[in-house]
Each structure stands twice: as C-alpha cells, then as structure tokens.
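**Q** Could you build all of it, start to finish, from the sequences and the hints given here?
Read top to bottom, the protein sequences are chains A and B.
The numbers in the working numbering rise by one with no breaks, and the one at position 31 of the first sequence is 31.
The numbers in the working numbering rise by one with no breaks, and the one at position 62 of the second sequence is 62.
No lab work stands behind these hints, which were simulated from the structure alone.
Warning: the hint list may mix true and false statements.
Below, simulated PhoX-like cross-link-like pairs (lysine-lysine); rule was C-alpha separation at most 25 Å, straight line [said to hold, decoys possible]:
| id | chain 1 | residue 1 | chain 2 | residue 2 |
| --- | --- | --- | --- | --- |
| 1 | A | K201 | B | K174 |
| 2 | A | K128 | A | K110 |
| 3 | A | K128 | A | K117 |
| 4 | A | K48 | B | K203 |
| 5 | A | K60 | A | K21 |
| 6 | B | K203 | A | K172 |
| 7 | B | K2 | A | K2 |
Protein chains: 2
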Amino acid sequence: MKTIIDNLNWRYATKKFDSSKKVSQENLETLLEVLRLTPSSYGLQPYKFLIIENPEVREKLKEKSWGQTQITDASHLIVLCSYIDVNETHIDAHITNTASTRGMEVENLKGYSDFMKNTISQLDTERKQIWNSKQAYIALGQLLHACATMKIDATPMEGYDPAGYDEVLGLKEKNLHASVVCPIGYRSEEDATQHFAKVRKSKEDLIEFI
Amino acid sequence: MKTIIDNLNWRYATKKFDSSKKVSQENLETLLEVLRLTPSSYGLQPYKFLIIENPEVREKLKEKSWGQTQITDASHLIVLCSYIDVNETHIDAHITNTASTRGMEVENLKGYSDFMKNTISQLDTERKQIWNSKQAYIALGQLLHACATMKIDATPMEGYDPAGYDEVLGLKEKNLHASVVCPIGYRSEEDATQHFAKVRKSKEDLIEFI
Numbered sequence: 001m002k003t004i005i006d007n008l009n010w011r012y013a014t015k016k017f018d019s020s021k022k023v024s025q026e027n028l029e030t031l032l033e034v035l036r037l038t039p040s041s042y043g044l045q046p047y048k049f050l051i052i053e054n055p056e057v058r059e060k061l062k063e064k065s066w067g068q069t070q071i072t073d074a075s076h077l078i079v080l081c082s083y084i085d086v087n088e089t090h091i092d093a094h095i096t097n098t099a100s101t102r103g104m105e106v107e108n109l110k111g112y113s114d115f116m117k118n119t120i121s122q123l124d125t126e127r128k129q130i131w132n133s134k135q136a137y138i139a140l141g142q143l144l145h146a147c148a149t150m151k152i153d154a155t156p157m158e159g160y161d162p163a164g165y166d167e168v169l170g171l172k173e174k175n176l177h178a179s180v181v182c183p184i185g186y187r188s189e190e191d192a193t194q195h196f197a198k199v200r201k202s203k204e205d206l207i208e209f210i
Numbered sequence: 001m002k003t004i005i006d007n008l009n010w011r012y013a014t015k016k017f018d019s020s021k022k023v024s025q026e027n028l029e030t031l032l033e034v035l036r037l038t039p040s041s042y043g044l045q046p047y048k049f050l051i052i053e054n055p056e057v058r059e060k061l062k063e064k065s066w067g068q069t070q071i072t073d074a075s076h077l078i079v080l081c082s083y084i085d086v087n088e089t090h091i092d093a094h095i096t097n098t099a100s101t102r103g104m105e106v107e108n109l110k111g112y113s114d115f116m117k118n119t120i121s122q123l124d125t126e127r128k129q130i131w132n133s134k135q136a137y138i139a140l141g142q143l144l145h146a147c148a149t150m151k152i153d154a155t156p157m158e159g160y161d162p163a164g165y166d167e168v169l170g171l172k173e174k175n176l177h178a179s180v181v182c183p184i185g186y187r188s189e190e191d192a193t194q195h196f197a198k199v200r201k202s203k204e205d206l207i208e209f210i
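**A** This is the structure:
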C-alpha cells in the first residue's frame, strides 16, 4: 500500500497549471464516475457537478476568484455545487431510483421515505444547505484521491466569491450553491511550489488511540 | 483506470461487520497516513482523528448511535472530530510547523500568518465549526477511497448523537466536536445489503458541462 501514500505525497495544491496539457476524455470520464459513485447521506446525492470548459465563462469565474490563474489555466474546472434546499421532491426521486435499480415496489420503500422526509422536515434551509455542502466535500476527497492515483493535478479551492459564482453560473434559480471548486490538469514546470516540502501535523498531534 | 471504478463499486455502506476480522496494523497505519496527508483549507488541518479500540467505550458509543452494531462489531471505529474554534494558536502552530518543515524563518511567513488570522477573525464560532467540519469531510472522502482500494469495508455514519459522543469522549473540553464517524473492518457474510445494487443518480442528472 506504499503506492497510495506515494501518490498522496506526489499531489499538492497546484498554483500554476500548464495550460497546454489537457486531461484526456477517458480520464475525465473516470473522474466523473468517481464523483458519481461517492457515497452521501441517505444516498441522496444532494449535489451537482459542473464541468466548466467554456473559456469565456472561466474568465468570468476567474474574476470572481481573486484572479487566481488556476481557474483559466487548468485543463478542466470542476465546480462542486450542492442543493440549497433538499425537499420531498428529491426524496421521491431517490425512492423511485432505488425501486427501479433494485427491482422493488415504491410502496415497499414507504417507511424509508417517510423516515427521510421526517428527518429533513426538522432542518431549516440553512442547516440543509450546510448538510448538503458537507456531502459535496466527501466527493471532493474522493476526487482528490483519484486524481493523485491517476497523476492528475488538482487544487481544492475555497477562495472565491460564492455569490459571484451563483451570478455567473445562474445557480440560485437552479436551487444550487457553489460549495467548493477544483481545477484539474497538469502542473506547470514553472510552478515552484511543487518542490516545497509538504506541511502536515505529526501523527501524534493528529491521531489519538482510545 | 478501471480498477478505481471497480474498487468504488465494490464498496458499500456495510451494515454488519464480521467482528472476528481485524484490520492489520500495517493497513491501519496506511489509512492513518491517508488521513494525515489529506489537504485542508490553508493547510490548518482543523481536526483530530480518534481511533476507538476500547470495547467499553465502543459499547457506550453504540448507545449514542441508536444501537447500530457497526460501532462495536467493526475492527476499528474512527471518529473524525473537528475543532469547535480555530484561533490564532492554531495558526501560530501551523506557521511554526511550516517554517520548520521548509527550513524558513517564521518572520518570513508573517504576511501569510496575518492573512489567515484576519480571515478567521471574521468568522463567528458557528461558522468556524462548520468550516472545520467540512475539512473533516474531505478526510472522510479520502479515507473511503483508500479503504476501497485496500478492500477494507467502511461505513460513513452521521446517524449518532453528537452531544452523546462529546459526553462519552470528553470532546468539548478539548475544543473538539464529532463531525462524522466511520467504522472500518470487514463485511460479514450475513450482511445481505452487500448484494443490493448500488443506487446512484445517472450521469445526466448529476453532471453538467458548460
């Protein structure tokens, strides 16, 4: 399992991408499937992943990201959006999907459906948005790991203006919110940060056995 | 890259673990290193990972987890805790670690330190706790992916009483909060859910190209 650790040590938050290098369609498909297979609370997948290729849209998003060049230079920009509100419609769709995937009757899933509906009805919109956003972060973690395995560079970014992203991408009217952003591609040889030693807490500081 | 997808399809939220099967020390060390290498906002790693082995503590935690048997039957129980408050002490420690890891002078990192301190000073405690908690979810995503690669079963769980966990583990006085829980180990042959088809949204529902 040394490979896993070597891969995770290889990765770093890329500051400068080589804009001439593109992630192949095959590799992109793998990463999208990694995102799709990510587990989420109740399996609701309360998110949507936007893959931004359009250069003009990326220019606009760069302006909403304090001018950080990864937004435009990376091969692809992934915006991990989560739903603002998760409601009975989402649960009904999930139940329909479960029934169809597993060859069951929707009626037999009523107890599970009612349980989920009861749970979410107790959350206000802000709490739902936080909950949904956390699920998107699980997807981010899986994505970063898969990128490292595939030697694709990735930079998780929270440094952007979410309201600006909403505006450029028209997210609010789709009940979506930009939870976290991740450009992917290949590091530029000129990016000096790739040579910096990785800074992490010691095992002793971070992990406790009970 | 078919292997990655095969591995992620192999994994599922294990309902019943085989309590006789233990994750080896070597594999556990790999998973802990995966957690340690997880990227986080500003590299602050605002979390701590508790590995619960003690059977009595696990019995108590099961009571705070609606009696779900994974808590006691799994090989190891990982409680991903995040800091409630993140403050200047954390940033100073991070700066000291950065300077020492990279052979730099602390003084040369003052601009970066001030920037981080200014950012967190604008967040109230609730927003900091949410921010910290999201970082723990990145670690969860990486952990789940690594477990799948290593054919170790894992069950991400939000269905527990966080206040009860705080109480049993004395988290609050350590400025910690149980963000998410993940028992790891090996599936029981008796767990029927392992044979259920995986339910996920279609690529068309989940992903949009722009």
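**Q** State for each hint whether it applies.
**A** Verification of the supplied hints:
{"no.": "1", "hint": "A:K201 x B:K174", "result": "17 Å, holds"}
{"no.": "2", "hint": "A:K128 x A:K110", "result": "22 Å, holds"}
{"no.": "3", "hint": "A:K128 x A:K117", "result": "12 Å, holds"}
{"no.": "4", "hint": "A:K48 x B:K203", "result": "10 Å, holds"}
{"no.": "5", "hint": "A:K60 x A:K21", "result": "21 Å, holds"}
{"no.": "6", "hint": "B:K203 x A:K172", "result": "21 Å, holds"}
{"no.": "7", "hint": "B:K2 x A:K2", "result": "20 Å, holds"}
Every hint from the earlier list agrees with this structure, and none is contradicted.
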